[in-house]
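Visitor: For the sequence shown, counting from 1, position 174 maps to 174 in full-length UniProt numbering; every step adds exactly one.
All the given hints hold, so there is nothing to weed out.
Below, in silico cross-link-like pairs of lysine-lysine (DSS-like), each with a Cα-Cα straight-line distance of 27 Å or less:
id	residue 1	residue 2
1	Lys341	Lys450
2	Lys92	Lys341
3	Lys341	Lys68
4	Lys343	Lys417
5	Lys394	Lys531
6	Lys12	Lys138
7	Lys12	Lys68
8	Lys403	Lys417
9	Lys343	Lys68
10	Lys101	Lys12
11	Lys343	Lys92
12	Lys101	Lys68
13	Lys508	Lys394
14	Lys531	Lys508
15	Lys538	Lys508
16	Lys417	Lys454
17	Lys531	Lys403
18	Lys450	Lys68
19	Lys138	Lys101
20	Lys68	Lys92
21	Lys450	Lys417
22	Lys12	Lys92
23	Lys343	Lys454
24	Lys538	Lys403
25	Lys343	Lys12
26	Lys538	Lys394
27	Lys343	Lys450
28	Lys138	Lys92
29	Lys341	Lys454
Simulated restraints on C-beta separations:
id	residue 1	residue 2	range
30	Pro517	Ser539	18 to 24 Å
31	Glu520	Ser390	26 to 32 Å
32	Glu520	Glu342	45 to 51 Å
33	Ala385	Thr570	22 to 28 Å
34	Asp438	Asp505	28 to 34 Å
35	Met477	Lys138	55 to 61 Å
36	Val110	Leu307	37 to 43 Å
37	Ile464	Pro517	24 to 30 Å
38	Glu440	Met477	31 to 37 Å
39	Lys343	Asn139	33 to 39 Å
40	Pro304	Lys403	31 to 37 Å
To be clear, the hints were calculated from the coordinates, so they are not data collected in a lab. Positions of the beta carbon are idealized from the N, C-alpha and C atoms, including for glycine.
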Amino acid sequence: MDSVEESAPSAKILVGVSLDARASFQLLSWAVTVAAHPNDTVVALHVLAAEKEGKRVSSERSRLRQAKASVISALGEFAETCQTMQVTLEAKVRCSSSVGKGLTEEAAQVEANFLVLGRSRNSTPKRNSFEIMRYCFKNAPGGCSVVGIDIRSQPRKDGDADSSTYEDNSSSSSRWTSNHMVRAVSPFHKLFCSISKRERRHSPRESICEKDSPRGVLEGPDAGSPVVAEDCSSPPSSVTGRRSSGNMWRRSSVMKLLFSLPRSSGESMSKESDACSSYTDDLKPSWRCFTYEEISRSTSNFHPDNLVGRGGFAEVFRGSLYNGRSVAVKRLTKGNGDRQKEKEFLIELGILGHVCHPNAANLIGCCIENGLHLVFDLSCNGSLASALHSTNGKFLEWPARHKIAIGIARGLHYLHKCCRHRIIHRDIKASNVLLGPDLEPQISDFGLAKWLPKQWTHHSVIPIEGTFGYLAPEYFMHGIVDEKTDVFAFGVLLLEIVTGRRPVDASKQNLLLWATPLIESGRIAELVDPKLEGEYDKSQLQRLVLTASYCVRQSSIWRPSMGEVLDLLTNGRDSMEAQILRNTEFQAYKMDDHDLATNCYFDFDY
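Can you build the whole structure from these sequences, using the hints too?
Guide: Right under this line is the structure:
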């Protein structure tokens, strides 16, 4: 049967998505990582219900723009996964007299093999998801199988009020396999008896199925293991192996199924609750979709005088909205047709849509007219790089430097541990840290950021991108990316904050090479930026330097996590992490004779 699947023609999977980012993510995640095979096409479709089909009044144009931006944002998270799995990803928005009609008409138009829908108990009467699903079950075109995903907050309990709708059939069970795990799947159930048992003609693709098309519910993994991209993704080498994960349901391609994807209430890291509980992606405010006219007017038609930054593939302009709000507009460089850069831009949009923390850049909205644009709050105090290395006579005093160091650590800890999916920034440096009104640091520029699925230990990345001087050895030499990549860069940044020196300066010795002997000999007072003229807190200096010395260890396994970094910055060498890290120094030394600044216990002198 596997050989049949190997030679089967590519499929088109149509996914009906809403403006609910979390629900859309789960649907697309299942479609991309479980349903799709190499060379398949996944189409994310949002249907706008209009009073009159095809009519777009001015009020609906705004809804249309918002819908387009929402779908693009959702797809940004899967761009890299689809590239790895050789799956084509498309986005569509259409208007129709009803959502169900729009879905079935699109399924017929694109000749979809599967129509994936979500069922939520929180839907409004106007767009009752059950009614939409019922309509699609009855009216989907021949040859198109309808797959329902039951999205709910908690797993179904025995005796639930709706349990009469489902009838257990414990004799049937199956398993989905992944390269990294085998997950149990609970038995089939009968689907809603109220749904019509209308018979369908079998298409050639249905020849491998049973004659009768059962209506069933297939429960997903338990609540602690929601089916999301991070749980189902696998490295490129496992693309062939993962085919079996979708074979079970694809062999029953005319089945009308309802898969249940319960969401755990503990998706945030409970172990990190103190640091994470206040900043979850549930708190992310909805960002708006700007018209090109709005952002063009705010930046004086992108006048060169408003240019505040330029990167490898984007430009940043200062602007002011009609309500007086100061913004920074980041746009893909005009004339840049590099598809890879466009993909990175969309990935940044997808990631920022799930980031909500005071120490991370605040995305206000986006614009997809005349190119790709991201709109942020403008940081009135510029970047950390300009504050540290300014030649206008101004400099950062010690309390501000210490506050900035702590804030960056909190932001990185949030990205690594508190987001729904681990985010590796990959380009932590002074110029990518913006300073707010109270010099509160905000990590910015997520153009190189990577999602890191839970079961993956690291990414292997080619080509190597980032900023020389901040690159971790394993990344620079072998392309290995994980949380410790950011930890190393943060260690270099800590030394830059303390010393006021750039990591790489043609007129001076490399920062790490210069600082290492001073740290090892305990002469840390000589590290301090001369601009401070001795005005600094000695205990805070000790903690910053101690933390930096652990972060820049040559071997990534001996570097602390960002949670441990926060404890080090707060409690210094009295912290539990410092004691553990000191105990590992001898082993680290034995494993790597070139370890930097970590081969001795520091007895700091002043």
